[in-house]
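Enquirer: When you get a sec, could you build the whole thing from the sequences and use the hints?
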Amino acid sequence: MDDKTRAHGNPARTVSGFDRRSFMAGAAGAAVLPLTARAAGPAGDTIRSAQDPSLPVSVTLRVNGETRSLDIDGRTTVLDALREHLGLTGSKKGCDHGQCGACTVLIDGRRVLSCLTLALVAEGQEITTIEGLAQDGKLHPMQRAFIDQDAFQCGYCTPGQIMSAVACVNEGHAGNDDDIREYMSGNICRCAAYPNIVAAVKQAAPDIKKG
Amino acid sequence: MRSFSYQRATDPSAAVQALAAAATNNSPLTEAESQPLAGGTTLIDLMKLDVMRPRTVVDINPLAAQWSAIDLSSDYLRLGAMARMSDVADNPDVQRHYPVIADALKLAASPQIRNMATLGGNVLQRTRCSYFRDVSYDACNKRNPGSGCAAMEGFNRTHAVLGTSDQCIASYPGDFAQALIALNASVEVTGKSGTRNLPFEQLHKPPGRSPQIETTLAPGELISGFLIQGHWPRSVYLKVRDRQSYEFALASAAVALDVQDGFVRDARVALGGVATVPWRAREVEILLKDQKFDDTLARRVAEAAFAAATPRKHNAFKIKLGQRVVARALHQAATMEV
Chain A
1 MDDKTRAHGN
11 PARTVSGFDR
21 RSFMAGAAGA
31 AVLPLTARAA
41 GPAGDTIRSA
51 QDPSLPVSVT
61 LRVNGETRSL
71 DIDGRTTVLD
81 ALREHLGLTG
91 SKKGCDHGQC
101 GACTVLIDGR
111 RVLSCLTLAL
121 VAEGQEITTI
131 EGLAQDGKLH
141 PMQRAFIDQD
151 AFQCGYCTPG
161 QIMSAVACVN
171 EGHAGNDDDI
181 REYMSGNICR
191 CAAYPNIVAA
201 VKQAAPDIKK
211 G
Chain B
1 MRSFSYQRAT
11 DPSAAVQALA
21 AAATNNSPLT
31 EAESQPLAGG
41 TTLIDLMKLD
51 VMRPRTVVDI
61 NPLAAQWSAI
71 DLSSDYLRLG
81 AMARMSDVAD
91 NPDVQRHYPV
101 IADALKLAAS
111 PQIRNMATLG
121 GNVLQRTRCS
131 YFRDVSYDAC
141 NKRNPGSGCA
151 AMEGFNRTHA
161 VLGTSDQCIA
171 SYPGDFAQAL
181 IALNASVEVT
191 GKSGTRNLPF
201 EQLHKPPGRS
211 PQIETTLAPG
221 ELISGFLIQG
231 HWPRSVYLKV
241 RDRQSYEFAL
251 ASAAVALDVQ
261 DGFVRDARVA
271 LGGVATVPWR
281 AREVEILLKD
291 QKFDDTLARR
301 VAEAAFAAAT
311 PRKHNAFKIK
321 LGQRVVARAL
331 HQAATMEV
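Just so you know, the protein sequences line up as chains A and B, in that order. Under our numbering, think of the first position of the first sequence as 1, with each following residue one higher. Under our numbering, think of the first position of the second sequence as 1, with each following residue one higher.
For the record, the hints were derived by calculation from the structure and aren't laboratory data. Glycine included, each C-beta is placed from N, C-alpha and C at the ideal position. Watch out, some of these pointers could steer you wrong.
Among chain A residues calculated to face chain B with C-beta under 7 angstroms, some are [to be verified]: (1) PRO53; (2) GLY74; (3) LEU88; (4) GLY90; (5) CYS95; (6) GLY98; (7) THR104; (8) ARG111; (9) VAL112; (10) LEU113; (11) LEU120; (12) GLN125; (13) ASP179.
Expert: And the structure:
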């Protein structure tokens, strides 16, 4: 960015059609080498093998109702597959060790930590991310509630909080404030918006149960 | 993370064969070059930290189809090893007949982790000793046998006071295992030559002179289930920690009692957060047997649980804390409505 666009702040995005996210994604993409080889696919009825760890493996993920095929390093987590390969940057990388909850997604309807889940392990399962919550341009009740209740400040933990909150309600663990606090304890908020998060879960719970 | 060969096993015999075939030496299961992957909440974490370095990872999640049942009968409970912690914690039969199991699971980790982690993986989770988890410390006998123990003279507030050795004072971090000890559970293990059962309290090995050997499992063996005889409605799990939720125990107690007419007919007590392995407090059990229960007795027997404690600089508080946790857990179990 030159001095002129920086001085104008946000307008640069609309003026040039350029934003930070597409720049970062483009730069990352350019560093990816062409795939030259693939490991073998399913090798038998009872075992799926990728014997040579230096080769990419083919994996097919179901993300927000779509089927996405990827050639990836076998070490790739669901979180990295979403963010680095599928451009779904809503799920956030906080600690990358399963401690903060920022990467929370639903797999087959259950909230899990995408940073500790290998993409290979999630093959064929239904992954739902924050990008998959809104339907027909209408926010999910939990998204609406987080806005209404001002349940965030910086917003970094928010996608994980919302995914966790949706599951919390669906599990039947949002019956009272104590339960909400206990069952939302796997999502850390450095801005400490906790009281507002509890309020948001309470607001959205009846709408979700109705829906 | 170092690269590894990924395999996915869709039935138990394939899993056992894959693990055994990839085992290139006789290193104990927790250090083996081939590792089973279930929930991944320990393994992937420790692989990212470079603490665990398997060359082969065998994804055993498809085994959930055979190994995740929760079977309650009139005289036993069988839990499949691939059952997820949250499913067992939320099971009404388990909550009603084995509150110590439901509470130990519910108070462990976070909802997301409980959704992922299996019972079998949970009892095998590795210590949270910060010197074990941080490879920038050379001295860790568990990670690097013979290198010493940085925790002995280091920050050892969270470390063990029971079952320690001069080689290792890392505490066992789990909760569910204490419930299994208190219920005299047995564990079913599946290997190349079939299944075997052993008392759960014989699964973990105290550090002794070989802290890197944490269990009696042989390479290629998998935990397939847990069996608990009888129903134990009068049972509790009490966990004390630095935060109210989502934290490991500083001291915890799993208690199961059979009380008739105010007298203790049978008592089972296990301790967590204070010991190197899931710890059975036999002294307490013996002192309680056939005694008329009251809180004075509870306090007296609780002291006996820590008679052999070996505190270090920062963790001596665990003795008094642990005694109070035992006494309170006994009180709760003895007075609960069943």
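Enquirer: Now tell me, hint by hint, if it's right for this structure.
Expert: Hint by hint, here is what the structure shows:
Of the supplied interface hints, the one on A/PRO53 holds, with its beta-carbon coming within about 4 angstroms of a beta-carbon of chain B, less than 7 angstroms. With 7 angstroms as the threshold, the beta carbon of A/GLY74 comes within range of chain B, its nearest partner Cβ sitting at about 5 angstroms, so the hint holds. For the restraint placing A/LEU88 at the interface with chain B, the shortest Cβ-Cβ distance is roughly 18 angstroms, beyond the 7 angstroms limit, so the hint is violated. The interface hint given for A/GLY90 is broken, as the beta carbon of that residue sits about 17 angstroms from the closest beta carbon of chain B, more than 7 angstroms.
A cut of 7 angstroms between beta carbons decides the hint on A/CYS95: the least distance to chain B is about 10 angstroms, and the hint is violated. Against a cut-off of 7 angstroms between C-beta atoms, the interface hint on A/GLY98 holds, since the closest Cβ of chain B lies about 6 angstroms away. The restraint placing A/THR104 at the interface with chain B holds, with a minimum CB-CB distance near 6 angstroms, inside the 7 angstroms limit. Among the interface hints, the one on A/ARG111 holds; its C-beta lies about 5 angstroms from the nearest C-beta in chain B, closer than the 7 angstroms criterion.
Against a cut-off of 7 angstroms between C-beta atoms, the interface hint on A/VAL112 holds, since the closest Cβ of chain B lies about 5 angstroms away. The interface hint given for A/LEU113 is met, as the beta carbon of that residue sits about 5 angstroms from the closest beta carbon of chain B, less than 7 angstroms. For A/LEU120, the interface hint holds, the least distance from its beta-carbon to any beta-carbon of chain B being 5 angstroms, beneath 7 angstroms. For A/GLN125, the shortest C-beta to C-beta distance to chain B is roughly 10 angstroms, which exceeds 7 angstroms, and the interface hint is violated.
Hint status for A/ASP179: violated, given a least beta-carbon distance of 11 angstroms to chain B, over 7 angstroms.
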